[in-house]
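Protein sequences, first through last, are from chains A and B. For the first sequence, position 185 (counting from the first letter as 1) is numbered 185 according to our numbering, and the numbering increases by one without interruption. For the second sequence, position 207 (counting from the first letter as 1) is numbered 207 according to our numbering, and the numbering increases by one without interruption.
The reader is advised that the hints may include incorrect statements.
Restraint-style ranges between C-beta atoms, simulated for each label pair [claimed, not checked]:
id	chain 1	residue 1	chain 2	residue 2	range
1	A	Val205	B	Glu171	51 to 59 Å
2	B	Ile86	A	Val135	56 to 64 Å
3	A	Ala9	B	Lys65	50 to 58 Å
4	A	Leu4	B	Glu180	49 to 57 Å
5	B	Ala109	A	Leu8	24 to 32 Å
6	B	Thr12	A	Val123	40 to 48 Å
7	B	Glu171	A	Leu310	36 to 44 Å
8	B	Gly166	A	Val123	23 to 31 Å
Quick look at which bits of chain A chain B covers, simulated, 3 or more residues with Cβ under 8 Å [claimed, not checked]:
id	stretch
9	84 to 93
10	210 to 219
Rather than coming from a laboratory, the hints here were simulated on the basis of the structure. Glycine included, C-beta positions come from ideal geometry on N, C-alpha and C.
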Amino acid sequence: MRSLAPWLAGAVALAALPVFAPNSFFLHVAILILMWTLLGAAWNVLGGFAGQVSFGHAALFGIGAYVTMILYLKAGVSPWWGIPVGGLVAALASLPIGLVCFRLRGPYFSLATLAVAEIVKLVALNWEAVTNGPVGFLITGLPPLRVFGLAVDWESKLPFYVVAALLALAGLASTAWLRTSRLGAYLVAIRENEDAAEAVGIDTVRAKVMTLALSAFLAGMGGGFYAFYFRYVDPDAVLNISLSMEMVFIAMVGGLGTVGGPLIGAIFLTTVGETVRERFQVGHLIFYGLFMMLAIRYMPEGIWGRARKLFSSLQARVLGHGAA
Amino acid sequence: MALLEIEGLTRTFGGLRAVGDLSFNVGEQEVLGLIGPNGAGKTTVFNLITGYVQPSAGRIRLDGKSVVGLRPHAVARRGIARTFQIVKPFPGLTVKENVTLAAFLRHPARRDAEAFALDVLGRLGLGSRAGDLASQLTLLDQKRLELAKALATGPRLLLLDEPMGGLNPSEVDVASGMVEEIRRGGVTVILVEHVMKAIMRISDRVVVVNQGEKIAEGPPAQVVREPAVLAAYFGKRSA
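Just chain A, with the same shape it has in the complex:
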């Protein structure tokens, strides 16, 4: 029961938010936060739990975005099918990536993922028959859809908000599931000491490949959502290394290996990012970078991790006084 309460509270808050949204920019920021929550959660599954720091998640995001877009434009598959299919294709594509990169450990793994992402970007730039090369794809209209008898208005932000909220919840729920599962326990063992994990019979490569596939599925759905929301996909937009970095930062600032961390990280980094972008047209990234440095320097366990620590020490103090 106790563990369900925050989920219910979160669902209610998500449902109530659009009612109180003052304008569509507010809803736009909320949509971005939810999309980044999903992406942060995707990265966190692999980086936070298994300790495998990927610098190449843009590739998985981009694959999801391209698949959703191409399915819609060339086969007429609606985005609500295209998004999960994009996730599945990203998960499939992650298998060979994992088999190659997981031969390496630590910083070498991270560099290999960076290289893979660049390769995927080069393929997207040059395989014009499939990806339209540097021109990319644009959708002008979305298919008509009726939900409970009501026509969906694609010009409003609300339907996108609903989809983003569902996706973010899916990301957080899979993290929560992972934390209590046997696979999750194996990942923590791998993060702590990979040789010792093998010694007690844990197939470390299999556990890492499965986790990468889960992570890729979530990141791919994030990419699919991006394509569907922004209606534009090209290699610079969806395969950019800055996307990979943003996922790392959100998970780190929020709190590595925690369930709520990506949500907190997404809220902070998206609002800080959007605010400084508005205030300082030139050089806003300087302030963004400064915020990140301070956060990592003073809260290495992340905002969520620090808050949890403060809460439990407060709890201990209160209970301690009660006993005395």
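Since the structure of chain A is provided, determine the placement of chain B on it from the hints.
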């Protein structure tokens, strides 16, 4: 038939022959001491048996079935567990969580794995520390934890790499008692150890290696008098 058969085991690192043409058998429920001077290749033998290092040549069979080429987790599944000379706990996890991870190998359900982990911890006298972080244990308790993790995988053969290293004499007695207890539980043991008192007390048989090759084999009391063994440890003149 012997439980473990090693035949012509060889491993070279570049020009260095770490293990050369080594053969020995270990019988069911035997305690075999594997001794030799520093750098003799004892730990490499363990790494070869458990799949951390692949042999350049030779055969390793458990119950007649080859384990060469298997990755370490697959060797553990076959029933060979090991401890590391420098203990490798999961430092950020509790003692109970450490051992539960190992117990998952034979007990897929978390409840069963935790129950078995607590059982193993109780047998090794670590029951009261179950909730402590592994990084907070004393060296003796860390060695106990290392042993508990290995035992929780339900092994038939247990490879112990210097379990007594760094312990004081009374702790060595405690640790020797634990190894004897494990053998009574039906597990076969290969023991790499420098503490001769422990080797003499608990080994049924001893294999002596020097520079990767076997130079003597037999009951402990007899082997330590062999000239080749004395020469390896103390130099030629004392032999």
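Evaluated hints:
A hinted range of 51 to 59 Å for the beta carbons of Val205 (chain A) and Glu171 (chain B) is inconsistent with their spacing of about 37 Å. Restraint check, Ile86 (chain B) to Val135 (chain A): a C-beta distance of roughly 57 Å satisfies the suggested window 56 to 64 Å. Checked against the hint of 50 to 58 Å, the pair Ala9 (chain A) and Lys65 (chain B) passes, with Cβ atoms roughly 56 Å apart. Checking the proposed 49 to 57 Å range against Leu4 (chain A) and Glu180 (chain B) shows it holds: the Cβ atoms sit about 50 Å from each other.
Between Ala109 (chain B) and Leu8 (chain A) the beta carbons are some 29 Å apart, a value that agrees with the proposed interval 24 to 32 Å. At about 42 Å, the beta-carbon gap between Thr12 (chain B) and Val123 (chain A) stays in the expected band of 40 to 48 Å. Distance hint check: the CB atoms of Glu171 (chain B) and Leu310 (chain A) are about 40 Å apart, consistent with the given range 36 to 44 Å. For the hinted restraint 23 to 31 Å between Gly166 (chain B) and Val123 (chain A), the CB-CB distance of approximately 54 Å leaves it violated.
With 0 residues bearing a CB less than 8 Å from a CB of chain B, the stretch 84 to 93 of chain A misses the requirement of three and the coverage assertion fails. Counting residues of the stretch 210 to 219 of chain A whose CB falls under 8 Å from any CB of chain B gives 0; the rule of at least 3 is not met.
Hints 1, 8, 9 and 10 from the earlier list are contradicted by this structure; the remaining hints agree with it.
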